[in-house]
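Asks: As a plain string of letters, each chain reads:
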Amino acid sequence: MNESKPGLTITSIALLVILFLQLPVIVVVLAAFSSTSYLTIPPQGLTLKWFAKVLSDPVYLDAIRISLTLAVGSTVVSLVLGVAAAYALFKRMLPGTEALTSFLMAPLILPSVVIGVALLQYYSLIGWRGSFAALLLAHVIITVPYIVRSALASLAGVDMSVEEAARVLGANGFTAFRLVTLPLIKPGLVAGALFAFVTSMENVPVTIFVASAKQTTLPILIFSSVEMGVDPSIAAVSTLLIVATVFVLWLAERWTGFHRFI
Amino acid sequence: MSNWKAGVLLFGPLALLLIGVFLVPVLLLAPTSFHEYAPGVGIVANSWTLENYARIVTDDYYREVVWRTLYLGLGVTVSCLLLGYPVAYLIVRGPARLRLPLTLLVIFPLMLNLVVRSFGWIALLSNRGLVNNFLIQTGLIGAPLKLMFNLTGLMIGMTHIYLPFMVLMLVAALQNVPRDVEAAAATLGSSRSHVFTSVTLPLTAPGIISGSILVFVLTISALVTPRMLGGPTYKVMATLIYDEYMQLLDWPSGSALSFSLTVIAIAIIWASSRITKRWAGMA
Chain A
1 MNESKPGLTI
11 TSIALLVILF
21 LQLPVIVVVL
31 AAFSSTSYLT
41 IPPQGLTLKW
51 FAKVLSDPVY
61 LDAIRISLTL
71 AVGSTVVSLV
81 LGVAAAYALF
91 KRMLPGTEAL
101 TSFLMAPLIL
111 PSVVIGVALL
121 QYYSLIGWRG
131 SFAALLLAHV
141 IITVPYIVRS
151 ALASLAGVDM
161 SVEEAARVLG
171 ANGFTAFRLV
181 TLPLIKPGLV
191 AGALFAFVTS
201 MENVPVTIFV
211 ASAKQTTLPI
221 LIFSSVEMGV
231 DPSIAAVSTL
241 LIVATVFVLW
251 LAERWTGFHR
261 FI
Chain B
1 MSNWKAGVLL
11 FGPLALLLIG
21 VFLVPVLLLA
31 PTSFHEYAPG
41 VGIVANSWTL
51 ENYARIVTDD
61 YYREVVWRTL
71 YLGLGVTVSC
81 LLLGYPVAYL
91 IVRGPARLRL
101 PLTLLVIFPL
111 MLNLVVRSFG
121 WIALLSNRGL
131 VNNFLIQTGL
141 IGAPLKLMFN
151 LTGLMIGMTH
161 IYLPFMVLML
171 VAALQNVPRD
181 VEAAAATLGS
191 SRSHVFTSVT
201 LPLTAPGIIS
211 GSILVFVLTI
221 SALVTPRMLG
231 GPTYKVMATL
241 IYDEYMQLLD
251 WPSGSALSFS
261 LTVIAIAIIW
271 ASSRITKRWA
281 GMA
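So the protein sequences, as listed, match chains A and B.
In case it helps, full-length UniProt numbering puts the first sequence at residues 1 to 262.
In case it helps, full-length UniProt numbering puts the second sequence at residues 1 to 283.
This is chain A alone, in the form it adopts within the complex:
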C-alpha cells in the first residue's frame, strides 16, 4: 500500500523548503569568514579577522556579558517561581486552577511590543527605568510561561503516590518534593529552562523599551547596528551565537534526551 507515501514531487519540494529554512544561517556563517566586507558566491577568501575584531571589542564583550547575566538570572528566578506555582496548580491547592493557569500564560498571548511599551511607561512612572533588577523582572515575565508549561506537563506524567510514600515514611513536604518528584520532572524542566534561556537571550521587543543605554544586550546591539549597514563583524558575532546555540542544544540533548519534549 503505497497510496499515501510522499511522491518524488512532494519530496523534492519539501527538501527545497528545508534548504530554504537553513539559507540565512549558511549565509551568516559564510559572511563571517569572508575577507570582503560584502558577500559573493563563491567567497573571495577566508579570514578570521572579524572574529578577532568582535572578541577584542569592549562594546560586543559588554553586550555578551549583559545578555548572559540577564538570561541566566531570569531563567533561575523563573525556575524557582514557576515550578513552585506549577506545583500548587497541579496539586489543585487553590480554587480556580484553570483561570490561574491562563493568567500565568497571558504574557505569551499579548504581543511582546505591547508588554514592552507598558513596562516603559510603568517603569518611568515609578522610577525603575535603568534598574537592572527591573529589566530582569521584565525577562522573568516573558520566560516564566515556558517554565510553568513544561513543569505542568512533566508533573502530569509523575506518579504522585511515590511522593506520598516518602511523606508517610517521614519526609516533610519539601524534602519529599526535592528527593522524589524533582528528579522525575528534571528532563522536562531542562527543556523548559532551555526555552526560557533562549527566549531571554533573543528578546528585543521588551528589552529595547526597558533597557538603558548601559544595558545593551547582544540582540539589541545587532538590531540597532544593522541600521548602519551590513558589517561582517555582525556576521561574526552571529556565528558565535549559532555555535553557542548548537552547543547548548547538544548539551541538553546529552543530559536529558530533550527532543522528546519538543
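Simulated from the structure, these hints should not be mistaken for lab results.
If you're wondering where the values come from, they're calculated on a predicted model, not measured in any experiment.
There's no promise every hint is true.
Think about it this way: if two alpha-carbon atoms lie no more than 16 Å apart in a straight line, the pair counts; the simulated EDC-like pairs of lysine to aspartate or glutamate are [what the hints assert, rightly or not]:
1. A:Lys49 to A:Glu164
2. B:Lys235 to A:Glu227
3. A:Lys214 to A:Glu98
4. A:Lys5 to B:Asp180
5. A:Lys186 to A:Glu253
6. A:Lys53 to A:Asp231
Go by the hints and put chain B onto chain A.
Replies: Then chain B, alone, in the frame of chain A:
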C-alpha cells in the same frame, strides 16, 4: 499547615510579580490612550479624547499601516501553509529514518536568535546582497532588484521565521490521521489526489486552522523582522508603535495602537477557539 495556605505560599510570589510587573502596567496603558498629546509638551493632563482611536480608522496613513499589517499576516500565513504542508507530509509519511533529522532541521532555525536570522535575510536580500550579486553576475538582471524595505522582503523573511511553527502544527495534525481511512478510500477507487482532498485535508483541518492562527497572530505582532527588513520607512503596526514611543514620544497614540493590536490578536484567538470547539462538537 493547610493545603490552602501552602498553595498561597507557593503560588503567591509569582502571582504578585505578574500583577505588579505585567497586569498593572498593561492596564495603565488604557488611560494613556484616551489622553491628548501636544507636540513638545507631551501628555496633556486632564484631557480626555477618543481622537487616538478615531485616527486609526480615519487617517489614511494609519489605515494603510493597519491594512498592510493584516495583509502581511494573511500572506505569510498562506505561504507558510503552502510551503509547510509538503515538509510535514514528508516528515510524517516519509522514511522513518529521516524523521528525526528532518524534524531537527525544521526546529534548528527556530532555536536561533531572531536578530541573527533577520540579519541573514538582510545579507541575502539587500541591494548588494547575495541574491542580487548572484543574479547580476550570471547576467540575468542588469540592475539590483528591490527585495528589501517593501512587502516582498517582509513576506520572504517572515515566512522563513514562522514556517517551523506551521510545520510542527501540521506534523501533529497529520500524525492523527488514521492510515486505514486513506487506504479505505483508495481501495474504493479514489485517485491519489482525491484521497488527499477528500480525506487527508479535511482530517488535518484543525491543525491547519491552529497553525494558521498562530502564524497570523505572531506575524501581526512582530517587531524585530519588520523593522530589520522593512527599515524605518516601510511600517507595520508594531514598528509604528515602536516609533511613536521611541522617536515621536507620542505615547497616547502609541498606546491606542497597542490596544488595537492586542484586541485584534485576542479576537482572532478567541474566534478560532470557538470555531474549533464547534467543529469538535460536530465530529
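Asks: Give a verdict on every hint.
Replies: Now for the hints, and whether the structure bears them out:
no. : hint                 : result
1   : A:Lys49 to A:Glu164  : violated, 60 Å
2   : B:Lys235 to A:Glu227 : holds, 15 Å
3   : A:Lys214 to A:Glu98  : violated, 41 Å
4   : A:Lys5 to B:Asp180   : holds, 13 Å
5   : A:Lys186 to A:Glu253 : holds, 13 Å
6   : A:Lys53 to A:Asp231  : holds, 11 Å
The structure fails hints 1 and 3 (numbered hints given earlier, in ascending order).
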